[in-house]
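For reference, the chains in residue letters:
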Amino acid sequence: MTRSTAIATRELSKTYKDVRALDNVTLDLEPNRIYGLLGRNGAGKTTLMSILTGQNYPDQGTAHIFGRAPFENDLTLSRICFIRESQKYPEDFKVHQAFKAAAMFFENWDEQLALDLVEAFALPAKRRIKKLSRGQLSAVGVIIGMASRAEITFFDEPYLGLDAVARQIFYDRLVEDFAEYPRTIVLSSHLIDEVANLLEHVIVIDKGRIVVDSDAEELRGAAVTVTGDAKKVQEFIGAADVLHRDSLGALASVTIKAKLSGDQREQAKLMGLDLSPVSLQQLVVRSALSTNEGTDKRTEARA
Amino acid sequence: MNRIMKVARMQLINKATFIGIPLMILVSAFLFTMTIWWLVRRSGGEGVLYGGGAQAPMWYFLALGIQALTMTFPFSMAMSISRRTFYLGTLALFSVCALVLSVFYYLMGLVETATGGWGLDGRFFALQWIADNSGFIQIMFYFVLMVLLFMIGFFVATIYMRWRQTGMVVFFTVLGLLVLGIIALFTFTSFWGQFWSWALTWTAGSVTLWGGLVAVLVAAGSYFTLRKATA
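Going down the list, the protein sequences come from chains E and H.
Note that this note's numbering numbers the first sequence so that position 162 is 162, with each residue one more than the last.
Note that this note's numbering numbers the second sequence so that position 30 is 30, with each residue one more than the last.
No lab work stands behind these hints: they were computed from the structure.
Think of the CB as a built atom: it goes at the ideal place given N, C-alpha and C, for glycine as much as any other residue.
Check the hints yourself; a few may be wrong.
[What the hints assert, rightly or not] Stretch-level coverage of chain E by chain H, calculated; a stretch enters the list once three of its residues show a Cβ under 8 Å from a Cβ in chain H:
| id | stretch |
| --- | --- |
| 1 | 53-64 |
| 2 | 88-94 |
[Stated by the list, open to error] Below, simulated DSSO-like cross-link-like pairs (lysine-lysine); rule was C-alpha separation at most 27 Å, straight line:
| id | chain 1 | residue 1 | chain 2 | residue 2 |
| --- | --- | --- | --- | --- |
| 3 | E | K130 | E | K100 |
| 4 | H | K15 | E | K88 |
| 5 | H | K6 | E | K94 |
| 6 | E | K130 | H | K6 |
| 7 | H | K6 | E | K126 |
| 8 | E | K88 | E | K126 |
| 9 | E | K131 | E | K88 |
| 10 | E | K88 | E | K100 |
| 11 | E | K259 | E | K269 |
| 12 | E | K17 | E | K207 |
| 13 | H | K15 | E | K100 |
| 14 | E | K126 | E | K94 |
| 15 | H | K228 | E | K17 |
| 16 | E | K131 | E | K100 |
| 17 | H | K6 | E | K88 |
| 18 | H | K228 | E | K88 |
| 19 | E | K126 | H | K15 |
| 20 | E | K231 | E | K269 |
| 21 | H | K228 | E | K207 |
| 22 | E | K207 | H | K6 |
| 23 | H | K15 | E | K94 |
| 24 | E | K130 | H | K15 |
| 25 | H | K15 | E | K131 |
| 26 | E | K100 | E | K126 |
Bound conformation, chain E alone (with noise of 0.2 Å):
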């Protein structure tokens, strides 16, 4: 398998009346690896994948699917499969009719799956789609993503509505085709916690940007939460780029960005201080709320 890109971006940026959409997104995402794509609520994701599935174009930039655009062009479009959250079906359709047309066009359908997750999401596949509640219209769109193998399955938060039991079902099925059936896969979320351990790259966009372009494994220890007498937190984190500060009276607790040495967290014992891990979810949310610094410098922590 070469190691060409899947998905490339350059300089995509998307408007819509007043909103930027998108702007200046450049990315390089790798065939057969697990993405998220992560953001609040309105921050680019599905106008970012309607564009990387051909659904919209840009107004400027380019998106590349496998070194081709995908606008209207059958032969990379019929690679992916992407089937947005607020998906609309053919009036009259049942649920087993959706699957009947995802079987004709996707080459790599899988139809035994396709029966598996129904009966494992409990769906009824001769009831209406526009009968169903809001999770199990997720799950039909799941059911297609899945069973679809396509080379690159975009999920649009996948699990809304969907109960605990019925979200842990795709995670675990999602990562067990995964392993058998390679394919890259971007996984658009706001619950960052729940699909953190699904990811091996995270994108995070704000407002159209990437504020996020980063290796899970990377990000794991990338930031970390002081606490303690005010004033020596300060003196421990020097200058490190501070994400977030909350105080109470004498004592503070800071998130910082920075990995720290094994000397650093001996330091922070001695000074009295408490160091705590900072969850992907609360990286993200930190890192967006503090995108209108503008900064992206990594500055490690001086003791």
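Knowing the structure of chain E, use the given hints to seat chain H on it.
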């Protein structure tokens, strides 16, 4: 090509939409008309009876044109189908349906004539103005009318898909102004008399020809509008 056929098959997954409902409309319109004619004859009504019910399914095609697009286009996007392929597959399917139905109308017209208007001297399929023409023109007349209505519905729906409410408001405002303008022009220039006497010279053949031309223009307009529509 293969994917174009698949789009047609996808549109047919719900067979009621393209085949069942038009047939149902036609059958019920026919039965209603028959019942009325029978009642008229029973109560001693005389002369040839005309029924306009055969056009009933055609108006459904206007709605079908809208439905085929608004309901199925966003789904076809999710099936990774290009707009071009969706357009060609949908139009191909509808053309075949319209052709089959047109031939059916023609054949029913023959049966109607042969049975003396269903034994009631009624005209449901073989309206004289149409039935006086050759079989080819009759079939083409029905076909063009059906395709034209479908395309009008389809075109309006593509405008909606591309520009949403704004598109609808602009389209219908312009259309309204245009119609109003023509009516005003005809009225101020006392052109109505001339217009109606001209309209009476229309033949099924000329209507077919001009209707076909308009259908092609609307089809082209739909295509270029759809090319940049979004789900």
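Against the structure, the hints come out as follows:
| no. | hint | result |
| --- | --- | --- |
| 1 | 53-64 | holds (count 5) |
| 2 | 88-94 | holds (count 6) |
| 3 | E:K130 - E:K100 | 17 Å, holds |
| 4 | H:K15 - E:K88 | 19 Å, holds |
| 5 | H:K6 - E:K94 | 18 Å, holds |
| 6 | E:K130 - H:K6 | 23 Å, holds |
| 7 | H:K6 - E:K126 | 22 Å, holds |
| 8 | E:K88 - E:K126 | 18 Å, holds |
| 9 | E:K131 - E:K88 | 13 Å, holds |
| 10 | E:K88 - E:K100 | 16 Å, holds |
| 11 | E:K259 - E:K269 | 16 Å, holds |
| 12 | E:K17 - E:K207 | 15 Å, holds |
| 13 | H:K15 - E:K100 | 14 Å, holds |
| 14 | E:K126 - E:K94 | 6 Å, holds |
| 15 | H:K228 - E:K17 | 17 Å, holds |
| 16 | E:K131 - E:K100 | 18 Å, holds |
| 17 | H:K6 - E:K88 | 19 Å, holds |
| 18 | H:K228 - E:K88 | 18 Å, holds |
| 19 | E:K126 - H:K15 | 16 Å, holds |
| 20 | E:K231 - E:K269 | 15 Å, holds |
| 21 | H:K228 - E:K207 | 24 Å, holds |
| 22 | E:K207 - H:K6 | 39 Å, violated |
| 23 | H:K15 - E:K94 | 13 Å, holds |
| 24 | E:K130 - H:K15 | 18 Å, holds |
| 25 | H:K15 - E:K131 | 20 Å, holds |
| 26 | E:K100 - E:K126 | 12 Å, holds |
The earlier numbered hint that this structure contradicts is number 22, and it is the only one.
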